[in-house]
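> Residue numbers (the numbering used here), protein chains in the order written: chain A, 12 to 83; chain B, 3 to 253.
Take the hints with a grain of salt, since some may be wrong.
Claimed, not checked - Restricting the straight-line Cα-Cα distance to at most 20 Å, the calculated cross-link-like pairs of lysine to any residue (SDA-like) are:
(1) B/LYS189 to B/PHE111
(2) A/LYS51 to B/PRO218
(3) A/LYS51 to B/PRO220
(4) B/LYS189 to B/ALA112
(5) B/LYS189 to B/ILE110
(6) A/LYS51 to B/GLY216
(7) B/LYS189 to B/PHE19
(8) A/LYS51 to B/LEU74
(9) B/LYS189 to B/LEU177
(10) B/LYS189 to B/ASP106
(11) A/LYS51 to B/TRP219
(12) A/LYS51 to B/HIS73
(13) B/LYS189 to B/LEU104
(14) B/LYS189 to B/ILE102
(15) A/LYS51 to A/ALA41
(16) B/LYS189 to B/ALA171
(17) B/LYS189 to B/SER113
(18) B/LYS189 to B/ALA178
To be verified - Non-contacting residues of chain B with respect to chain A, defined by C-beta distances greater than 10 Å in every case (computed):
(19) TRP8
(20) SER9
(21) ALA12
(22) LEU58
(23) LEU75
(24) ALA109
(25) ALA112
(26) GLY180
(27) GLN185
(28) ASN193
(29) LEU224
In case anyone wonders, no lab produced these hints; they're calculated from the structure.
Predicted, not measured: the structure shown is a model, and the values here were computed from it.
All residues carry an ideal CB built from backbone N, CA and C; glycine is no exception.
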Amino acid sequence: MRIVGEVLSELFGMFVADARLTLAVLCLVAVVAGLVGTIKLGPLLAGGILLFGCLAIIVEAVAREARARGQR
Amino acid sequence: MDTIAWSVAAPAIGSTFLASLVEAVEAFTIVLAVATLRGWRPAAFGAAAGLGALALLVILLGPLLDQVPLHLLQFVIGVLLLLFGMGWLRKAILRAAAIIPLHDEDAIFASETAQLAGVTDRRHKSLDWIAAMPAFKAVLLEGLEIVFIVIAVGAGRGLLWPACGGALAACLMVLAIGVAIRQPLAKVPENTLKFGVGVMLSSFGVFWTGEGLGIPWPGQDLALAFFVLMFLAVGVATASVLRRPVVEVLR
Numbered sequence: 012m013r014i015v016g017e018v019l020s021e022l023f024g025m026f027v028a029d030a031r032l033t034l035a036v037l038c039l040v041a042v043v044a045g046l047v048g049t050i051k052l053g054p055l056l057a058g059g060i061l062l063f064g065c066l067a068i069i070v071e072a073v074a075r076e077a078r079a080r081g082q083r
Numbered sequence: 003m004d005t006i007a008w009s010v011a012a013p014a015i016g017s018t019f020l021a022s023l024v025e026a027v028e029a030f031t032i033v034l035a036v037a038t039l040r041g042w043r044p045a046a047f048g049a050a051a052g053l054g055a056l057a058l059l060v061i062l063l064g065p066l067l068d069q070v071p072l073h074l075l076q077f078v079i080g081v082l083l084l085l086f087g088m089g090w091l092r093k094a095i096l097r098a099a100a101i102i103p104l105h106d107e108d109a110i111f112a113s114e115t116a117q118l119a120g121v122t123d124r125r126h127k128s129l130d131w132i133a134a135m136p137a138f139k140a141v142l143l144e145g146l147e148i149v150f151i152v153i154a155v156g157a158g159r160g161l162l163w164p165a166c167g168g169a170l171a172a173c174l175m176v177l178a179i180g181v182a183i184r185q186p187l188a189k190v191p192e193n194t195l196k197f198g199v200g201v202m203l204s205s206f207g208v209f210w211t212g213e214g215l216g217i218p219w220p221g222q223d224l225a226l227a228f229f230v231l232m233f234l235a236v237g238v239a240t241a242s243v244l245r246r247p248v249v250e251v252l253r
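Chain B with its partners taken away, still in its complex shape (with noise of 0.2 Å):
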């Protein structure tokens, strides 16, 4: 691979690295919940069906993209990441400027614990799909947002398969550290993860709906570190003006 092609290469890979991590955090909080009061074979259980309905869809809806027209394949996924990473980085600024308070996996993991020891009281104990059910949803829904990631960055220019070399990197780094300490991974700095992906993600959606519109970007893919400067620069400068202080947000 050429220095042109790492250009967009390495981001493409990087975006897909941070933002599985994201994603396979918040799964992994479930999944947890419902091994810390269920046992282990549940979650995995649950875990590994979201895996095969997420295998599924991919095996069904993949070739599909070999169907479409570059130019057609690129602007298309270049307006969904717009709308996708601006969400995030909208969400991302918010949560800097201290306007919404961070996304926090001690909370969320003490809710569906309370939330799965009710379920368990009011049911008989040998119902273990329901508890299995919280962690295939889990995997399931964050591992949407994972796939359309992966797909997004890589199909535009044939980085799938880096792309998904660093979804499952990640994946597999935040599943070893988990069942390694087996407490929610409430230490990774998840707001300033989202925040670099919304950067990334909104950068490539406005390179790639600039190609789809046969726009021919001046400095070529070099022009998308231009964008996740604009991008970055402008998402910290929001986040300052705007920023409240920690005591207003909690109340």
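Extracted from the complex, chain A is given alone in its bound form (with noise of 0.2 Å):
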């Protein structure tokens, strides 16, 4: 039974291996479907936000954890 949760703990840290990071992603995304499905916002606009969204995010994601290490 160990190794099931094993397996399970690994699939878990594959895609939440910083909390704040995949909360931030989940929000982008239902943010862009909002506005692709609401205000049937253009193509290039949607894509645009998405990925300069994920852009933002991994650079914050990076900056805040290295902030952090530099307090420690």
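Hints are included, so try docking the two chains, each in its own frame, into the full complex.
Dropping the structure here:
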């Protein structure tokens, strides 16, 4: 049974290495989906928000970790 | 396969090859530790059992993929790829910036060997299955990531077989080199590979998520190349800006 727990924990860790990054990505996708579904946002703008949103999230996640380790 | 199809197939095969290389090296280090301490039999048995468990998972869950509508599949896989790829990219940037230490196969080999030696001291030598267990777990857990990557980059566009080919080639390569030299493959530039794969998977993630949401990407498949360039540029720039002296990291 322990091996099943380890497999599940590995699967969880694959997608939730950093909880805030995970949450931010899910929120971004939800916002883009909402904008595309409700106000029929154009492909260039919707795609741009998705791409640049992801880039901003990765920079923030790395900078946050760097700050946290710098303070230790 | 025409030029446009190759623009997606080549990154898919390349990503699965490189990602599998990283995962196979990690699994091989532990299998080698088992082989060094307890012989190749329990190591091979554990690794084969791990591969068998993975195959069972794929056989059981694989057919479910055909039941999911393509747009939904692309969306779900796209979001999972974003989470997985950006997780890898984040760690690779932190390592490239020397904020966290690099993955060290030699150190992992030494620690795994010491741990196994402790177990064999405490228990009787006939318990070979105990030695086989770390090899089984390593192959199963690292293999899970390979299976996910193959499915994620392959299923959205019917590229499962080419993606499988890329992964298989990497695993066979690691096995052949590893068995020949019988040492941890510490010289593999793991973080560079992880950086590259993180960039590729994040780009695929944006691409599939957009397709799943019904966003027709300008330039269609070629948009993927633009995403790769953007993630790469931002990743390299972030690592350069945050780079710390190595002495500070080792402290």
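> Which hint numbers doesn't this structure obey?
none
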